[in-house]
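Participant: Protein sequences, first through last, are from chains A and B.
To convert, note that position 250 of the first sequence is 250 in the numbering used here; the numbers rise steadily by one, no gaps.
To convert, note that position 329 of the second sequence is 329 in the numbering used here; the numbers rise steadily by one, no gaps.
Some clues are possibly wrong.
BS3-like, lysine-lysine: derived pairs with alpha carbons at most 25 angstroms apart [what the hints assert, rightly or not]:
no., chain 1, residue 1, chain 2, residue 2
1, A, LYS271, B, LYS7
2, B, LYS143, A, LYS271
3, A, LYS264, B, LYS14
4, B, LYS14, A, LYS181
Everything labelled a hint here was simulated from the structure, so no lab data went into it.
As the structure is a prediction and not an experimental result, all values here were calculated from the model.
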Amino acid sequence: MLMNEIVIEAGKTERHYWVDLWRYRELFFFLSWRDLLVRYKQTVIGLLWALIRPLLIIVIGTVIFSKLTGPSSDTLPYPVLICAATLPWQFFASAMAEASNSLIVNANMISKIYFPRLIVPASAVIVSFSDLLISLVILAGLMLWYHVMPTWRLMTLPLFTLLAFAASFGVGLWLSALNVKFRDFRYIIPFIVQFGIFVSPVFFTTHKFFEKHDEWACRIYDLNPMVAVIDGYRWALGDNASFNEIGLLTSLVVTPLLLFSGVKYFRATEKAFADII
Amino acid sequence: MSDFTIKAEGLGKKYFLRHQAAGRQYVALRDVLTEKAKSLFSPGRGASGNRNTVEEFWALKDVSFEVKQGEAVGIIGRNGAGKSTLLKLLSRITEPTKGRIRLRGRVASLLEVGTGFHPELTGRENIFLNGAVLGMARAEIKKKFDEIVAFAEVEKFLDTPVKRYSSGMYMRLAFAVAAHLEPEILIVDEVLAVGDLEFQKKCLGKMEDVSKGGRTVLFVSHNMEAVRRMCPRGIVLNQGKVEMVGSIKEAIDCYLKQKATQNPIVDLSAMFRPLPVRLKARLNTVRMAGTDDWSVAYGEQPKFEVDLTTSATLSGFELVTCLLTITGTEITTSLSTHTLTLEKVEPGNYIFDVRYEGWHLMPGRYSLRLALISTAGGEDYIPRVCEFEVRSSDLSAKHQTDRFEGMLVPTVQYNLRPKKPEGL
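Next comes chain A alone, as it looks inside the complex:
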């Protein structure tokens, strides 16, 4: 009767960690479901919040920045251009922020119950992802309004979304694990979010940036994983000028690296979470 014997040994990495992760998929499902349910509870307009926040950014971006920089795309109207950047950026920012705080918010569970901790930041990302799906309505609406015809390139949108997903999860893993030990990150995260919207091409376009800066600045700029995502979104909607080859290649290296190292760091520190949280 040797059913699944579990051996817990000091200093040994869990062999069946990934099996465990699969075994706990229902918990993952329930946590995501809980966060989704709770997200807009006791609010008057509920789900509309998922639309209003990006919508406001789009309006502000359009009103202010179209005056400053002028039209910067030949093919896409300015609001669509901003929308194509706002949606993935909002997703990235909120997924990263929520994931980073997720462990602290669920401290009680972590110190009382065993489960693969990876579930917690993952479900936080899922919640933000559902917001993204809802806010795609705005994009569709704007495209209809401005008569932007979708091409085959629209089919690549999920791929760029996947890239944003991986990037936010990777950063979220790093920050959530660090946040458990150093609460300083609680203050760093809002800063990253505020700062990030200005170094990412949300209110400007990459080719405008490239025109004005030298080679070095452009390569450093490309290191931001959201550059490739936003450029990708714009390109997928039909903006030819947003095609940024080097940015995409850089991101294809940087993002998996972020994700991989994030998982590694998370796994290495996760066992001590219950002791220090």
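Starting from the known structure of chain A, arrange chain B on it as the hints suggest.
Facilitator: The following block gives chain B in isolation, referenced to the frame of chain A:
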């Protein structure tokens, strides 16, 4: 060939106590950086700069035992003996520093009921969520849903958010989910210290069913009666080590003989709070006034100084003190409002002086329970703060207390008067 379900070999768990950071709950990056910077500028000191500030502490040391399949084992010991750490290791919440644990079968641990409960969700939603947190599959929860609801007696409030539940309903629901777990190994920590007596009995009955159903149960409690009823075997822990393993009777005897070895000032900040509490007022420390070893001679009145912090303005603030026997039976409960009315308490640090008067406790060992309450609800609650001793004294000899049973010797006024013959 042994047929164990749990086998612990040389288990040890080391914690680092940071004295410098006392009172702070987490490390700030700033501290790490300044430490690094300090050691940079004074290379002679190097790591020795940490020597005074970090102390190693073995919460568990070289713990080995075996539990066979279908056995119910009680783990007993005083506060700080390592019981909770042991349970945390067994339930894989934290990793051992040394040694090895082998577990055969699915483990479910109940270190606290209601873990994962979300106040905004309804009772129905929380049953599913909490079930998943405790390791139940969705199909399993569905199958037992009606049973859980009936057990918790919350049928009418299934679609009400649990934040609107009374604390009794909340606890009942939380325990009901937990009670319907069917793991091969069940690890339970003191969850029975909550709820009313009726419900406690129901829970105990349910736990007995579990252990009779061939499952292995590890049960930590200070309630010796409960342990005695549930578990044929016992493990006694003392200061992180296994003191003895044996029949529950021997184990309880051994536990009762242990001498009180606690600090004069008992730190309450990290102690177990089984109920959802608001913590707008927090119990920090408690000491027994006039003694360093938590003992008073019979005839002296026990006095306690409770250090607490309030972080909001509280109305109707009161302290509840409760004395219990070592086996967990409540002897007396007293509210500060009996003698002191606090209309409004501003945020700050306070010391609550508590002095028992009017009767003597019989020589023996007792245990203290503390709670803080305001009109907004339960602020803090620690069911087992610490134990104290009432020593025999000249007065107890004079009172001949050893000849009597019971726990209290009240001051009773007696008067003898001649009876007047009737009819006059």
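Participant: None of the hints should be skipped; say for each whether it holds.
Facilitator: How the hints compare with the structure:
1. A:LYS271 to B:LYS7: holds, 21 angstroms
2. B:LYS143 to A:LYS271: The given pair, whose Cα atoms are some 34 angstroms apart, is violated under the 25 angstroms limit.
3. A:LYS264 to B:LYS14: Holds - the C-alpha atoms of LYS14 of chain B and LYS264 of chain A are around 24 angstroms apart, at most 25 angstroms.
4. B:LYS14 to A:LYS181: holds, 18 angstroms
Of the numbered hints given earlier, the model fails hint 2 alone.
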